[in-house]
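Since the structure of chain A is provided, determine the placement of chain B on it from the hints.
Going line by line, the protein sequences match chains A and B. Plus 145 on top of the position in the first sequence (first one is 1) and you've got my numbering. Plus 34 on top of the position in the second sequence (first one is 1) and you've got my numbering.
Calculated from the structure, these hints are not laboratory results. No experiment lies behind these values; they were computed from the predicted model shown. Honestly, I wouldn't trust all of these hints.
[Said to hold, decoys possible] Cβ-to-Cβ under 7 Å is the rule here; a few derived chain A residues that face chain B:
no., residue
1, Ile147
2, Pro149
3, Ile152
4, Met155
5, Leu156
6, Gln157
7, Met159
8, Ala160
9, Ile169
10, Ala170
11, Arg172
12, Val173
13, Gln176
14, Pro389
Every residue gets a Cβ at the ideal spot worked out from N, C-alpha and C, and that includes glycine.
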Amino acid sequence: MIPPEDIQRMLQQMAESWPSGESIADRVARQLADPHVAENGSAQAAAQASGSRSLSPHAATDASSPIYIVVRSASQHASSAYWGSFFQVGPFSYLVSAVVMCAAFLGAWQYKIGDRINQSEFVRSVLPAKSVSESDVATVGHITKMRDCKWADAPLAEITVPARRRDVSVTAPISVGREFILDSGQMELTFSSGARVILQGPVSFQVESNGGLLSVGVLTGKYEQSHKTRPNSPTAAPFVIRTPTATVTDLGTEFGVEVAKDGRTSSYVFSGAVKLHALAAADKQSDVILKQNEGAHVEPTGSLRSVIRRGEVDARRFVRPTSRSGRLPIAVFATGVGASAADPDAYWQVVAASNDPAFPPQPAIVVRSRRTDWAPASASVAKWISWCADSTLVVPPGVTYTFETTFDIDRGLLDTAVLSGAILCDHCIRAIRLNGQNMPLPDASLVPKYQWESVNQVQRFSIDRGFVRGKNVLDIEVETGYLSSSGTVSSLGLRAELEGSIQEEP
Amino acid sequence: MPSTEELVRAARLQSVSAFAELVRRYERAAVVTGYSVLGDFHLAQDAAQEAFVAAYQRLGQLRNLASFGPWVLRITRRRALRLLRHQSVNGRERALLYDADQIRHMPYQGNDWMEPYAEVIQQLARLPEHERVVMVMHYVDGRSAREIAEEIGCPVGTITKQLSRAVERLRTWLNGVPS
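One chain only, chain A, in its complex shape (with noise of 0.2 Å):
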């Protein structure tokens, strides 16, 4: 009879003298470096996105939700040539090559001007000179703003940017494989390229050639032309941002990418365009372009919800970048934006009626059956809406409805903030307040002689006071005019394309 712990002992005994010798992870590494094996596998999705293929030794913020480890014992290095030559084959050496040459180049140059490079002493001490045998040391771009940075990881706690300096100007070197890991505060990120990255804290990122590594937190990339025409782009490459689930390949456009815990990306496009694609198996790889004013998630399984819908994504959580002008965009969004038709417009309300004391504020609706004599949409810039989708003809006539939209400054002068817009109506503008004042009213705006003066001819207003920090409140009061010969019912619509902008703090 053989008793249990016979069996236990002898299983054991087993893994006890298990021979030593080539091991598994030895063949398949070798396996594993034939490109046509290495093709079908997971790590073509990740070669398509260039960058480092080292991940940082520090997990993401939360603790729980550790994602990139490097672990290296010394028993592991005898196998790791063969890793190693996996990605020596194909363009990651090409890459590699015109890294090193733009890190040499851009040492000379930084040597010869460092005296005027102007880094403040806390600066230096946040960013210490790498050592100079780090194989894969190559700056590849610079930090040219922090505000209320904390540090998260340990070598960099200590330092924070002198609280009587909210936001300081640098100009401080970023090599690849440098990781920023915020508690708080953010950091804009110029690299060589031309690309400009805000992080918000908390966030962690892993610089990369071009791109980075986002593995938790928000951040806002801004590339002013497509990678297809910058002739002095250093690596020819396009600026990527790859997430645990994703890659968010631009192509000459301002956008926004979050990251959550569970791995989630979300992305938003301000304007141009990128190319959300989601990692996973192969043949369940998908693309999808987003446009202006678009956004789309990116689940941790891998599956894309390619369908755009209004406000999934929410582009007020990003920080938009400054203009060249020194000037920061307000993000104040124009109706029906990023919503399809009979959709609820995920920034604009109707918050009140005339004739109706109770109203019920509701999300303005995308109009579905836009009036022939009202002026076209234009998908990408603004849509008309109204309080619901077929309410183009049901409307009482002569009632002032209340169209509310509202936005955030938390940054810039104030008394330097200018909001314009252009205003498309059916049938005429009775008000326009900003935080409950009155504002100047465009020309047109009363009663207009022919009902077309106001569905067809642009109405443009600019307001540059009144506006508090924090929480603004936007609100335009469009009047329903007498269109049928009965003077029962008549129409509602309202278009408005915004913008806003407000100087930086010196």
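Leaving out everything else, chain B in the frame of chain A:
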């Protein structure tokens, strides 16, 4: 030590070191699983190797990242069964070319270190899949019941019950008691 889930997440982001660590973590369990089907150490290594390569290529399909171990062991068993069928075909072809004595005296395969354990390992193949996986992970890989429970996503008590039940089954079979 990083968890399996963390390693899989990193491997999906092209971290070769993370995938290498995963292979090292489960290679013994995979070889034993292969051996339980094939009865040959080298063939079991082949099956394990194929399974890890297949797993690498399908990492994106793995929904529960923590269950990489049971998942790769299931792939190993399927690969081993496929290899077994392949070997059977080759064996018949070889039998046409060589007589039985020649086959019996074919070059030594060097499997002897596993022979003392061959019987118990081959009985492992008779276990239900969930019991076989926890047996291999516990006794060959040296993982605690708690670690296995976290990876598979079930209570620790379930794992300990499965282990004791599997050992009892093996004991019955090895003592010649019909199942």
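Hints and how they fare:
{"no.": "1", "hint": "Ile147", "verdict": "holds, 5 Å"}
{"no.": "2", "hint": "Pro149", "verdict": "holds, 5 Å"}
{"no.": "3", "hint": "Ile152", "verdict": "holds, 5 Å"}
{"no.": "4", "hint": "Met155", "verdict": "holds, 5 Å"}
{"no.": "5", "hint": "Leu156", "verdict": "holds, 4 Å"}
{"no.": "6", "hint": "Gln157", "verdict": "holds, 6 Å"}
{"no.": "7", "hint": "Met159", "verdict": "holds, 4 Å"}
{"no.": "8", "hint": "Ala160", "verdict": "holds, 5 Å"}
{"no.": "9", "hint": "Ile169", "verdict": "holds, 4 Å"}
{"no.": "10", "hint": "Ala170", "verdict": "holds, 4 Å"}
{"no.": "11", "hint": "Arg172", "verdict": "holds, 5 Å"}
{"no.": "12", "hint": "Val173", "verdict": "holds, 5 Å"}
{"no.": "13", "hint": "Gln176", "verdict": "holds, 5 Å"}
{"no.": "14", "hint": "Pro389", "verdict": "holds, 6 Å"}
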